[in-house]
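Enquirer: Sequence:
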Amino acid sequence: MKKNYSLSGMPDFNSLENLKRDYLLSIIKKQFESFGFLPISTSALEKRSNLIGSYGDEGDKLVFQILNSGDYLSKIDINQSELTSKKLSSKISTKALRYDLTIPLARYVAQNQSKLVFPFKRYEIGKVWRADRPQKGRLREFVQCDADIVGDTSLWSEFDLLSLLRSIFNILGLTNMVIKISNRKILEGVFNSFETNSITFFDFCIIIDKLNKLGLEKICDILSQKGFSEYKVLKIKDLFLLKGMFFKKRDYLLKNFKVNKELRNGLKELEFIFNQCEQNKMLKSVDFDLSLARGLDYYTGFILEVPSKNNQSISLAGGGRYDNLTHKFGSKNLSGVGLSLGLDRLFLELESFNLFPETLVSDLDVLFINFGLKEAEAAQLYISEIRKFGKSVELYPTDLKISKQMAYANKRLVKFVVIIGENELKNKKLTVKNMQTGDQKSMTFAEFKKIL
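The sequence shown lines up with residues 921 to 1372 when you count with the working numbering.
To be clear, the hints were calculated from the coordinates, so they are not data collected in a lab.
Any given hint could turn out to be false.
[Unchecked claim] Derived BS3-like pairs: lysine-lysine, alpha-carbon spacing no greater than 30 Å straight-line: (1) Lys923 <-> Lys981; (2) Lys1169 <-> Lys1248; (3) Lys1248 <-> Lys1011; (4) Lys940 <-> Lys1011; (5) Lys1369 <-> Lys1321; (6) Lys1346 <-> Lys1324; (7) Lys1178 <-> Lys1152; (8) Lys1056 <-> Lys981; (9) Lys1178 <-> Lys949; (10) Lys1201 <-> Lys1188; (11) Lys1331 <-> Lys1353; (12) Lys1100 <-> Lys1155; (13) Lys1100 <-> Lys1047; (14) Lys1331 <-> Lys923; (15) Lys1252 <-> Lys1229; (16) Lys1155 <-> Lys1056; (17) Lys1204 <-> Lys1056.
[To be verified] Taking CB as the label site, the calculated pair distances span: (18) Phe1309 <-> Asn938: 19 to 29 Å; (19) Asn1330 <-> Trp1076: 52 to 62 Å; (20) Thr1095 <-> Leu1162: 24 to 34 Å; (21) Leu1275 <-> Pro1317: 31 to 41 Å.
For glycine and all other residues, C-beta sits at the position ideal for the given N, C-alpha and C.
Between the sequences and the hints, there should be enough to build the whole structure, so can you do that?
Expert: If you want it as structure tokens, here you go:
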């Protein structure tokens, strides 16, 4: 018989995994709030029209679209010869699961613009869905942790996000992480200097963004197939082979490419960021990566990405500057800049380097052994008191053999097992076993509270 297990890429998490995820979330939330960001919540469902067209052709294909209710096919009037999946989906689906938290933010800002204080600094942590091919580090349902500043064009906001990321990584123990940054205007300036009509700038970005995944030779082959001359392909190849700090790469670009407005402005903006990184001793944490393209349709300037140390093709965080998001919702354009951390990928990164605190292992502080009605009733009085000062505690539900109750305690990784038998009732004491050391002592409840 076929087993109805969970869908691929839609994970469940056990108790210990959830404790570790909560640990991550607590640090991320605390740092978001320490940088002045406040939480909002948006719906998991959005209008299909809000999402489709925001992520480019490749991204749009990954949006989970939801069928309309009722007999949706009866309302369709499309000539069979004109029927395409794109046309059909727009007729039978008006809702979709959110692909990210940025488009819902833009809709939220447009919808509540008169009530918000700008610059609007918000964070949101929630699930998003993508119809991707599941593999390690790439799920269909996952949690994003976003922080954005909307209604502000200051480059200080971009530097602020870099400081926020570095702070989070340092607290998590990921002290050697490198934040790759660039500016989309630089790539646009390089593209415009070629004066080509064979592909659009957006298509160029999508190709370049696959550099880490496909390799430089494959990228050059694709550009050749798209109509780039051998001379142009060689210029791109030399550019992406260039090593060194930002200022060396800046000088190379100004010397070897036609300097246009986009290239000049992009380099000027990035120079400010690197100057601030240098003054704040952050240069080791930041790297100028010319190949960084972030293949999303809405980024317009500054972009960032943090690759995993285990797999350079997987990002732990990403983000950038966007200038035209709210226009889609009939609102005046508001510039914004933001970052997004992938909780599930961060979880895998910390697991691989054994960075979760050992104190997270125990998921129950105290277990009272059940000997019967009289002893259980006595235990309940202590249980209520223990819960009042924030410790987790439970009474084993039935009076099974002690060996079975102790086996349960071992599996639950309980810190302390408390025994109340006839002697304990008579002497008004507890027998407490420390499950980590194996020590067992008789003590009063007041003494037990001190060691909890």
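Enquirer: State for each hint whether it applies.
Expert: So, going through the hints one by one against the coordinates:
1. Restraint check for lysine 923 and lysine 981: satisfied, since their Cα atoms lie roughly 29 Å apart, inside the 30 Å limit.
2. For the hint linking lysine 1169 to lysine 1248, the alpha-carbon distance of about 36 Å lies beyond 30 Å, and the restraint is violated.
3. Among the hinted pairs, lysine 1248 with lysine 1011 is consistent with the structure: their alpha-carbon atoms are about 21 Å apart, no more than 30 Å.
4. Distance restraint check for lysine 940 and lysine 1011: the Cα-Cα separation of roughly 43 Å exceeds the 30 Å cut-off, and the hinted pair is therefore not satisfied.
5. For the suggested pair lysine 1369 and lysine 1321, the alpha carbons sit about 27 Å apart, so the restraint of at most 30 Å is met.
6. With a CA separation close to 25 Å, the supplied pair lysine 1346 and lysine 1324 stays within the 30 Å bound.
7. Taken as a hint, the lysine 1178 and lysine 1152 pair is honoured in the structure, with Cα atoms around 13 Å apart against an allowance of 30 Å.
8. Simply put, lysine 1056 and lysine 981 have alpha-carbon atoms about 21 Å apart, close enough for the 30 Å limit, and the pair holds.
9. Of the supplied pair hints, the one linking lysine 1178 and lysine 949 is violated, its CA atoms being roughly 44 Å apart against a limit of 30 Å.
10. In summary, the hint linking lysine 1201 to lysine 1188 is supported, as the alpha carbons are separated by about 20 Å, within the 30 Å threshold.
11. At roughly 15 Å between alpha-carbon atoms, lysine 1331 and lysine 1353 fall within 30 Å of each other, so this suggested pair holds.
12. Simply put, lysine 1100 and lysine 1155 have alpha-carbon atoms about 22 Å apart, close enough for the 30 Å limit, and the pair holds.
13. Under the criterion of a C-alpha separation no larger than 30 Å, the hint pairing lysine 1100 with lysine 1047 is consistent with the structure, at around 25 Å.
14. For the hint pairing lysine 1331 with lysine 923, the CA-to-CA distance comes to about 27 Å; that is within 30 Å, so the pair holds.
15. Between the alpha carbons of lysine 1252 and lysine 1229 the distance comes to roughly 40 Å, so the proposed pair goes past 30 Å and is violated.
16. Between lysine 1155 and lysine 1056, the direct Cα distance comes to roughly 35 Å. Violation of the 30 Å bound is thereby established for this hinted pair.
17. Proximity of lysine 1204 to lysine 1056 is assessed by CA-CA distance (about 29 Å); at most 30 Å being required, the pair is judged to hold.
18. Distance hint for phenylalanine 1309 and asparagine 938: a CB-CB separation of about 23 Å, consistent with the stated range 19 to 29 Å.
19. The given range of 52 to 62 Å is respected by asparagine 1330 and tryptophan 1076, whose C-beta atoms sit roughly 53 Å from each other.
20. Range check, threonine 1095 to leucine 1162: Cβ separation about 27 Å, and the 24 to 34 Å hint holds.
21. The supplied range of 31 to 41 Å is met by leucine 1275 and proline 1317, whose beta-carbon atoms lie about 36 Å from each other.
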